[in-house]
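Single-letter residue listing:
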Amino acid sequence: MAQCTMVEALNLALDEAMAADDGVMVMGQDVGVNGGVFRVTKGLFERYGHDRVMDTPLAECGIIGTAVGMSVYGLKPVVEIQFSGFTMQAFDQIEQNMARLHNRTMGRFQMRMVLRTPFGGGIRAVEHHSESREAYWAHTPGLKVVIPSGPRNARALLASAIDDPDPVIFYEPKAVYRAFREDVPEQRETMPIGVAEIVRPGKDLTLISYGAMMRPAREAVEDLADEHGLDVELIDLLTVSPMDTATLCDSVSRTGRCVIVHEGHRTCGIASEIIARLNETAFEYLEAPIRRLTAYDIPFPYFQTEQHFLPDADDIVEAVRETMAWE
Amino acid sequence: MADSLSETTPDESGRMDTTPIDLGHIEVLQVLDEQGHVDESRDPGLSDAELLAVHRAMVLTRAFDSRMLTMQRQGEMGTFAPNLGQEACMVGQVWELTKQDWFSPSYRSFGAQIQRGWPMERLFLLWAGYHEGFPPPEGVNDMPFSIVIGSHVLPAVGIAMGIRRRKDNHAVVVNFGDGAMSQGAVSEAMNFAMVDQAPVVFVCENNGWAISTPSKLQFATEHLAGRGTGFGLPSIRVDGNDILGMIVAMREATRRAREGEGPTFVEALTYRLSLHTTADDPKVYRDDSDMEPWQDRCPLARMEKFLQRRGLLTSEAAAAVTAECEAEVLEAREKFRKIAKARPREVFNHLYRSTPAELDAQREEYLRRLDRKGVD
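Chains as they are written, first to last, in our numbering: chain P, 1 to 327; chain B, 1001 to 1376.
Keep in mind that a hint or two might mislead.
Claimed, not checked - Computed list of lysine to aspartate or glutamate pairs in EDC-like fashion (alpha-carbon distance at most 16 Å, straight line):
(1) P:K42 with P:D30
(2) B:K1167 with P:D22
(3) P:K203 with P:E189
(4) B:K1305 with B:E1316
(5) B:K1167 with P:D51
(6) B:K1167 with B:E1261
Everything labelled a hint here was simulated from the structure, so no lab data went into it.
Keep in mind the model is a prediction, meaning the values are calculated, not measured.
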C-alpha cells in the first residue's frame, strides 16, 4: 500500500499495463523524455523506449488517426492528448474511425485504444485548458467514457480501460492530479467500466457527481450531515457512458430526491441525460424536481473569475437544502 | 537548422539571398506512351502472361464499373463513384502488393479492391446498401474506405507504424484523390509517416476534379508531388493512365517500404472521364472539350495497342476478354442477388465487442418495434 497522487497512480497503471503486454504503447505530445506535461508518463520512455513511448508530431488528429491504424494492426495504443480542449482537433478521427471502425468492419478489426486527456477547470489555466466536454463523447455511439475521481479509482479504471476491447475516452480531472494522496494497493487493481459507486449511503437525497466535482460534493455531504442533520447518499458516476442507470434509479427510488453536479455545460449535458433516465425509471418515486448544478452555457471564463463559475460545496449545500424544502 | 543557416552565404553586397525557392518541375514517369510504344529503358519486364493478366484486370474493372452504372440507373444499386478512365491507376497501384501487404482504398477504388481479392458480389452488396459488403473479406489485408474525404489516410499510416514496430516487412498502400490533398489530415499523415519512417505508399490519383471543383481551384502548384517532397518523402509523378508506368513507380515505392526505407508519395496523373458519383451531372460544370485530350489517353486502348504490337493480343482476343469479363461480372451479379438480404435485426450487433447493458435494452426496444410491424 502506497500513498499516491492521481498522477502517480495513473503512471503506475500505465507501467503495469506496458510491463504485462508488449502491444501496449503510449503516444502523444511530449510524453517521452519529458514524461508528459503533467508527468503522467514519467519514466516510461526510459523503460520502454521510443517505439513504445512515442513523442508524436504536434497534431491531435494525426495522433488519434495513427493510433486507430496501430489498433487495427493489433497494438493497444494509449494516447495522451495534452488538454481535453485540444481533442477538438481530433474530432474527425474520433468520430469517423475510433468510434466506428469496429462497426464498419462488423468486428473484423479491433478498436482497442484509450484516449487519455486531462479535463476540467480550477488550475488557473489559459483558454482551451479548462473544458469539460465529456457529453460530446457520451453522445457518440461506439465510445465508452470513463472519469475517475481519485488516485485509487484512477489507477484501477485506467487498467480496465486498457483491458477493454472497445475504444475508451478517459477523462482525467486535472484539478485532482496532485490535490491529495490516497492509499493505492501494491497489487494491480481493476474496476468495472459502466458501474457507479455509492460513496456514502444515505436516505434523504441522492447526490450524483463525478470527476473533480466529487471533492466539493463530499465536503457538502459532510456539512449537510453535521450542520443540517441531512443524510445524503453520494454517488460517484465513474463511467459517464455507458451510464449505470440501475444504480441511479435504485438510489433515487429510495430517497425520492436528487441533485446532480458536474463541470460540463448545462444544455444536453450529462445531468440532462440522468434526469431523462430518472424520469423514465423512477418518476413515481420523485418527491421534488431534480436539480442540476452545472457549468453555465458560456465558454469557460478566464481564470481570474473561474472560482465563481464552478459550483463549490456551499452551492451544493444550498441546492440540496432547496430540494429538501420543496413541497 | 543551424547547419543550413551557416550554408547560406551573403552575396557581395553583404545581403542574404532572399529569393523564394521555386518548387520546380518534376518529370512525369511514363513507360507506355499514348500510341502504345514502350520505353525499353524503363520496361518493368513483365512476362507475357503477366501483361495479359494486367490487361484483363483493367478490362474487368471497366466491365464492373459499367455494370454498376447500369444497375444504378435501373434502381438496383445505390449512389456510387464510377472510375471510368482510371483503370490503370486502379490496377497498377496494387499490382505489386502481396497478401501480407495492406491496402487502404478510397471510395472510388473498387477496381483495386477487385484486384486485391474482394469478391465482386461483396462490392455489389456494399454499394447496394448492405452492411455485409463493407468489411474486408477474411484473408484480405485491406481497410474499408471511410467516406469523409481523406479520413482513412492517417489510419493507414498507423498500420504502417504498427508494421515497423512489429518488425514485419510489409508495405501499406493508401489511395486518395486530388481533393483529399486539401485536407489537413492528409498533410498530417505524410508528416507522421516520414517522422516515423513508416512503410507506407501514398497514392494520390490526381484525376482533375473533386466533384465540380477543378484542379486550378484545388491547389495552386504545377504538381502535387511537391507536397510529398515538402514533408521529406521521395515523390514520384507518374502517368496514371500508363499501367506499366504505374507498376514501375509502385514497384520502387513498395520496395522502399519493405526494405525499411520509409514512405513514398506517388502522384498519378489521370482523369475522371465519368461522373463524380451517380448523383452528379458534370454538364453543369464541365465542357466536353475538357475531356477530349483524355479520351485519347485511355489506359486500356493504350495497353491494347502495345499488346497487339507485341503480338500478344488480336482484336478478336481483346473482344473475347471483354466478353469473358462481362460474363464474370454478370455471374457476380447473380450471386449478389441471391445473397442480398437486409437484416434489420442485426444493426446493433457490431458496434462494441463488449456491448453495454443499456444498449442491449435499446436493442430490445427496437426489436419489439420490428415485431409489432411484422419485420423479420
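Evaluation of the provided hints:
{"no.": "1", "hint": "P:K42 with P:D30", "in the structure": "10 Å, holds"}
{"no.": "2", "hint": "B:K1167 with P:D22", "in the structure": "13 Å, holds"}
{"no.": "3", "hint": "P:K203 with P:E189", "in the structure": "30 Å, violated"}
{"no.": "4", "hint": "B:K1305 with B:E1316", "in the structure": "13 Å, holds"}
{"no.": "5", "hint": "B:K1167 with P:D51", "in the structure": "11 Å, holds"}
{"no.": "6", "hint": "B:K1167 with B:E1261", "in the structure": "13 Å, holds"}
Hint violations for this structure: number 3 only, all remaining hints satisfied.
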